[in-house]
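Work the whole structure out from these sequences, hints included.
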Amino acid sequence: MNPASNSIDPEWAWAPYEPTGAEDWSLAHVAHFHRRAGFGANWQTLQESLPLSPVTLATQAVSQVESAEVESSSQALVTSILAAGGLNQLPAWWIHRLLQGSATLREKMTIFWHGHFATSGAKVRDPQLLLRQNRLLREHALGDFAAMVHEVSKDPAMLMYLDSDSNRKVHPNENFARELMELFTLGEGRYSEQDIRELARCFTGWEVRRNEYRFNPYQHDDGTKRLFDQRGQFGGEQGVDIVLDREDCPRFIAGKLVRYFVADEGLSGEELIEPLAVEFRESGLQIAPLVQRILSSNLFYSEHARARKFRSPIEFAVGFLRTLDGSTNLIGFSNSLKDLGQLLFFPPNVKGWNGGREWINSSTLLARANMMHDLLARSETRFGGGDLQEYCDSQGWADPEEVVDRLSTLLLALPLNSEASTELTQLLESGSGDPEKRLRRALALFVSLPVYQLA
Amino acid sequence: MLSNRREFLQLAAAGAVTLGAQGLAPAFLRAAAREASGQNNVLVVIQMSGGNDGLNTVVPFAEDRYYKARPKLAIAKNDVLKIDKRLGFNPVLRGFADLLEAGHLGIVQGVGYPNPNRSHFESMDIWHTCHRRSEDRNEGWLGRTVDQLQHAERQEIPGVHVGNDRLPLALFSRSHRIPSIQSMDQFHLKAKEEESMQAFRRMASQSTDSEGSMLDFLTTSTVTALDVSQQIQESIKSQSTAVDYPQTGLGRKLRSISQLISADFGTRIFYAEIDGFDTHALQAAAHTGLLRELGEAVSAFVEDLTATGNLDRVTTVCFSEFGRRVAENASEGTDHGTAAPMFLIGGQVQSGLIGKHPSLDDLEQGDLKFHTDFRQVYAGLLQQWLKCDSEKVLGEHFDPVSVIRKA
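Each protein sequence line maps, in turn, to chains Z and C.
The numbering of the first sequence is the working numbering, which starts it at 880 and goes up by one.
The numbering of the second sequence is the working numbering, which starts it at 4 and goes up by one.
Since the hints were made in silico from the structure, they are not lab data.
Fair warning: this is a prediction, and the values are worked out from it, not measured in the lab.
With a straight-line Cα cutoff of 30 Å, these simulated DSS-like cross-link-like pairs (lysine-lysine) come out: (1) LYS1033(Z) x LYS75(C); (2) LYS1048(Z) x LYS75(C); (3) LYS372(C) x LYS1230(Z); (4) LYS409(C) x LYS372(C).
Interface residues of chain Z toward chain C, partial, derived using beta-carbon atoms under 8 Å: (5) ASN1054; (6) GLU1067; (7) GLY1068; (8) ARG1236; (9) LEU1244; (10) ASN1249; (11) ASP1253; (12) LEU1293; (13) GLU1302; (14) SER1311; (15) ARG1320; (16) LEU1324; (17) SER1327; (18) PRO1329; (19) VAL1330; (20) LEU1333.
Beta carbons: idealized from backbone N, C-alpha and C, even for Gly.
Put into structure tokens, the structure is as follows:
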């Protein structure tokens, strides 16, 4: 059913995936869905998802709402974090939602927008402002892209991060205008330097005072601007609308979402994205239908997508715990993600995390292995509330061979090769130390293997 | 202080050392051979990320236009550290001024490229790959250099990126994985049990995938990490330094680089970054802080290289993705610009000013015009220092800038 990799038919690619037999719709397919649309799923969730259709799974995912229970524990955590100063505990606050929450696609999209509209606590050192931006991104994560861009443009944390909290008529600051077009809406090269200068003029008079956006008419340049093919005495809002109206905007966003959800490599060509871009534009830039479409498509379930993502540090770590009902010390767990290269609320620069092969280098690989080594060595790390051995027993995994087999189904996007499978089984059967320690050590090695770094 | 290599040779001569299993000892022997063939030179690249304001780094204090364009940010004539009658260093760059005095610092002026791109990321990619967006950008200029050097003589660790940021695109290579090392003491695997270590190495090396695939990339990267970390842990224990480095990010990175140079794995290329040069607002404090960090760290590095006898075989080059607009903006900062100076540091560099300062009277869209293509500087470093074929690395011929003093 799959066409050759170098010529993907766009019509086929985005048509809904309709499995015809058990081979087309197995635990592996469902696990793939949950790895991509969320952070992986435990055995029970996989079993519950199996009777559902691809379209139903995706439709449910885009309409999830977080439970009141998680919202209230999340709010309680905010209060205690802010009372303690808070900036450096922000990552742990978010990780708590990622581990406990049920609206996993919304969280995954919020991380996407956090990387897209990147703003770092290293510069904006006010945790309240960063949390406010985080709420904004979560609220619009599957909503109206245009509304989100308008709000982000007036978001104090964003304006402070891009040095645009005091934009004067004489010598307008170009930074926000540039990043709005290059990184937030159109993509590099889809505008001229002239457009940047003109758009910067539209934003003159935009300020942040006492942590709130404010328009200062005395600093606004109300002269005529020439932005793309339009002329007028545009203000900032009109400037944003003109940019959002460009055809490059839905293309850029749809392309980036496809890369986020489908594959880091091997997909190319504007033709492939074009049908999605057209739909996205015609829907008035509504995000949920676009994401729903991607997550239920032929392409999403094809060989072009399977194991074609490098796990981000969050997917690597959060995915591990969620898949095995794990729990651990929240602060230690969250902070160790820094060495892996993804500390939430602290993206490396305004472009966010590039992802793909850039997640992987010798330092981050050692950090991944060391994180799992520490995590599994800690007695606070529990699985289903107990020992790992008890957890395996409760799942009915009878012997080392079955343990390795089930872990592979749950955690891996590709089958474990037989040599590694034999090694791991042997480590479980005949390694030294007590069985619980042996099991934990083997699991730490398992998730340090190259193959687990793929999603 | 004796270099590790010399100590080793003395000890070996005294029969006190047996050759290790990790391939470390043969590296010393090969180093001696490299020295004889002139293939011993090391290049250290310091990336100043964000767009360094060249005009407030090397200040054209004799130009009225400079002071007119920058009523708030200009550096007063009396404050600069004079280079000649027209140019002077930012006063916090005392370290650079001293290096210039000692004949160890070159300033390549007016460096840029045609049709300058003012996006950080795009411009940085151009500097890293020497290619525009429309071309293949899977490997960087230093990655291609590593491929060429490795082809001539294989080293265990051909290049090293010191830092915890993503691996710079400049170091991407088709055939070699350049390790990123955040810090020496963290760069090792914590799992200690011998049986699991061996099992892990066996399992991690299994790849049935085709070369270049994602799984193959992960497998070779994992094996590189295991090998390199083990070698470094075994050799770095004996390295200490008599020099006090500043307790700054760049200071720590250059200290690690000096340790790795002394340990001598045959590494020819090192890479470090200092970030924060994107000074759109309230530039003065941020920029002087960064330049001070740069000057102090490089000074300590040179002092250390001098003490270990390595100064003559190490050349350091500093670059940024672009300079900044001549006129300051309303936020007491500067926006993205174009041409800027590059710096060369080492015992054998062409010291002093190289090329003229770009004119402040002849601007393009408010930006300085470049007169030296950065690839001409790369060509000089490749040919005169690393003894590489620059056309192969850069894809076409560029007239090299004389970056190395003629013997």
